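Novice: If you're matching them up, the sequences are chains A and B in order.
The C-terminal position of the first sequence is numbered 405 in my numbering, with every residue numbered one higher than the one before it.
The C-terminal position of the second sequence is numbered 1100 in my numbering, with every residue numbered one higher than the one before it.
No lab work stands behind these hints, which were simulated from the structure alone.
Hints may be right or wrong, so weigh each one.
Just a few of them, taken from the derived set where beta-carbon distance is under 7 Å, the chain A residues facing chain B [stated by the list, open to error]: (1) Ala-106; (2) Gly-114; (3) Glu-133; (4) Met-139; (5) Phe-147; (6) Gly-159; (7) Ala-358.
Pulled from the structure, derived: some chain B residues nowhere near chain A, Cβ distances all over 12 Å [to be verified]: (8) Phe-676; (9) Val-731; (10) Glu-732; (11) Thr-740; (12) Gln-875; (13) Leu-918; (14) Thr-963; (15) Leu-1028.
For clarity, every value in this text was computed on a predicted model and none was experimentally measured.
Where a beta carbon is used, it is the ideal one built from N, C-alpha and C, also for glycine.
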Amino acid sequence: MDALILDSVALGYADHPVVSELSFSLASGEIGCLLGGSGCGKTTVLRAIAGFEPLRHGRIALNGHWVADERWQLAPERRQIGMVFQDYALFPHLTVADNVAFGLRDWSRVDKMRRVDEMLSLVGLERAGGRYPHELSGGQQQRVALARALAPGPTLLLMDEPFSNLDVELRERLSIDVHNILKVTGTTGLLVTHNQQEAFAMADRVGVMLGGGLQQWASPYELYHEPATRHVATFVGDGVFLPATVSGGNCIDFELGQLCRIQPVDVVNGGEVDVLIRPDDIQHDDASSVRARVLERVFRGAAFLYTLELASGHRVLSLVPSHHDHQIGEMIGIRLEIDHLVAFPKVVV
Amino acid sequence: MRRQVTIWNWRGWGPVRALAIAALTLIPLLVVLASFLEPQPEAWSHLAVYVLPGVLWNTGILIVGVGLGVLLVGVPLAWLTAVCDFPGRQFFSWSLMLPLAMPAYVLAFVQVGLLDFTGPVQSTLREWFGSSQWFPPIRSTGGVVLVLTLAFYPYVYLLARNAFITQGLRAVEAAQALGYTRAQAFWKVALPMARPWIAGGMTLALMETLADFGSVSIFSFDTFTTAIYKAWFSLFNLPVASQLASLLVLFVLVLAAVDQRLRQNRRYAAKNFSPVRIRLQGGARWGASVYCGVVLAMAFVVPFIQLVVWAHTVWQEDFDGRYPVFLLHSMWLAGLAATTVTVLGLLLSAIRQHHRDALTQWFVRLATLGYAIPGTVLAVGVFIPVAWLDNQLITVAGWLGWDTSQILKGSMLVMLLALSARFLAVAYQPIDAAMQRITRNQGNAARSLGLSPRQVLFRLQLPMVRGGLLTAALIVFVDVMKEMPITLMTRPFGWDTLAVRVFEMTSEGMWDRAALPSLAIVLAGLLPVILLVRKSESGLH
């Protein structure tokens, strides 16, 4: 059963629409993610699911029950949703244990204590129960916020940019931890972030948002290799577009050769398209007759990210194992190796 | 490289420098407290029988009554304007600070004039219903509590509103996500979280209540301040005055300690704004508007209009050659005090920045304790040592063949010292806040660009604190204009200011004739309130 369904939801105000025609669903136990830049409306969606924003249109269901439409909405406190706020919103006047116990209202004292201990050990803060939030580091506060939200056993956990206040290293470790905790507890989760690494590390399904609309709702693998729109293609991962011409129904010709794909391109023969070339599509091959000039290089430890100039003057990126150490200006051989051909009709400017 | 020769260790002088400024507050405080340690049996036997029982009872009533009053008025107003949405919210959110412009003694005499038996309200009621016997008398304990509550609720309102805006709605949402209704969330989270702010506002209101002299004397409601004044001017008994002052200081020091403690608890503020306000529905919508409107009308609008009406009726006969002199005295005194205090505040802040040792920090805090000490106490505490010094000087003058009875006592020195002690903290806060915005690295950057420490002061620090200095000077200027007991008790003979004029007219019950100087004071008082409004509105959006 779907834990969460959004059906053509619109949010905002008449004079200031924030989100429109938003539909997606999340199966029970899955982790979803809304990915987008600031101002795309992703946080507003999360707040609407929690019950803090009225719907202008559409409806939302939790565990098979409609909880909101344009006329009616269930109060936030009755939705059995856990929420982790961007700033954690811990209660400063309560200890860590009291914060975690805050949502366990009708529990007996013994059950409450047991649950708090269970939650604190789940997030690795067994000893911190008696301390106050301001005595903890940012990462620890984040874990308390997670423990507090999970304690009442919510059917859905919402996370608003949960790691944005943390440094990079901690962010990576916590996103893996949180992913594992959600999987262990079988909690359905939805997070909102602008960081695609975070989205890929955490989520089974990712939705890319732009200007209040959902561009694509798919697995991270699909988003990267089969982006549905130009925006998704450029927003997710590195890559460049090269001009190409359609030939023979489902093939294209361009500077680096001919590529054929399964799905026919929605453009007539001879029509112009842009083909997406990812850094991992360009292989370094000394034996290749296709040569390109090294314009820039960024050392990334295991690999170099080279910016290469083709004979036509177009540029492509290439990810090359780092024992191939080429200098700027050098000509190197390259070979195309593409599993997923992605092309979009040429934009007429 | 040449080793720099240091004549004295400038780093080690921090505590001495801070103490030199703190002496301004500490000497009067210690002088007053010393009289508590040396009780005078005669003075005490008189006090214990005739004065203290009533004064203590009245003070207790005021603390409980005004404390509860400012909570009941200030907290709901803060919650409504901070996180709810109702007609007029934006207007009320700033206009509810306006009562800060009106000194409590002005509000007191206007309310008495309005609501007394002969006042316009009861006269109208008699016209309509034939009798106004049932109308509660304004000259009563309830009346004092009401007036002081209306005068001092803005302290609670301001601080609580700040707390609610920065964390109130977000806390409610977090609690709602954990299964609490909005009302439960308010009582369980938003209110407890705001406790240090609310209590802080209440502490300030109670300090003002204990320090208040003008309003209680209008109500003939005997408290420590009026008793000190009477001991000084009616009985000419300085020892009794200082015994009373020492008792009052004990009350005040407790409040000051509470206040310092609360300031430390207020650190956990994070600025998290929630984008949506709570939209009040139905009756609550208009109920909120009416509540805000009634408080604003009673605390500011109606009294202000009444002042204008009185001032208009007496304008022709009352305005004479003495008014420019009152105004000039007020402005001269306020300007002098503002300049002195601003310079002292800047020095104190610079000392605190330069010397980070604990002892210096401690003396700096002592130096700014004056805001808690009532003017009547400071007047006594400054007068005694200055009078002593005067006697020594007179002796010396006698040897030199100069026969005089007073040198310092009759000058403005006593008044200026007491005012400086009272308002140093008021100036120090904006200046120090501005100083703290200059980071160590900005100073270092300037030095690495080739500026000497002196050039850093003139080209970096002074320009950056200029706003703070102006704010400090303006607030002190207006506070001194409003100040009543210190000016009244320590002014050179016959040297009247606007506030003194208000006191003289109100002590004879001539409300309308006190209106003109009051109006000038209120209009001046609006200036810092405008600053405050602009600051709080811009800081929050």
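Novice: Take the hints in turn and mark each one as holding or not.
Specialist: Tested hints:
1. Ala-106: With a closest approach of 6 Å, the A:Ala-106 hint holds.
2. Gly-114: Nearest chain B Cβ about 18 Å off; hint violated.
3. Glu-133: holds (5 Å)
4. Met-139: Because about 4 Å separates A:Met-139 from the closest Cβ in chain B, which is inside the 7 Å limit, the hint holds.
5. Phe-147: holds (6 Å)
6. Gly-159: This interface hint holds because 3 Å falls under the 7 Å limit.
7. Ala-358: Since chain B brings no Cβ nearer than about 37 Å to A:Ala-358, farther than 7 Å, the hint is violated.
8. Phe-676: Holds, because the least Cβ-Cβ distance between B:Phe-676 and chain A comes to about 49 Å, which exceeds 12 Å.
9. Val-731: violated (10 Å)
10. Glu-732: violated (6 Å)
11. Thr-740: Violated, because the least Cβ-Cβ distance between B:Thr-740 and chain A comes to about 6 Å, which does not exceed 12 Å.
12. Gln-875: With a cut-off of 12 Å, B:Gln-875 remains clear of chain A, as the shortest Cβ separation is near 55 Å.
13. Leu-918: holds (27 Å)
14. Thr-963: holds (61 Å)
15. Leu-1028: With a cut-off of 12 Å, B:Leu-1028 remains clear of chain A, as the shortest Cβ separation is near 33 Å.
Checked against the numbered hints given earlier, this structure breaks hints 2, 7, 9, 10, 11; the rest are met.
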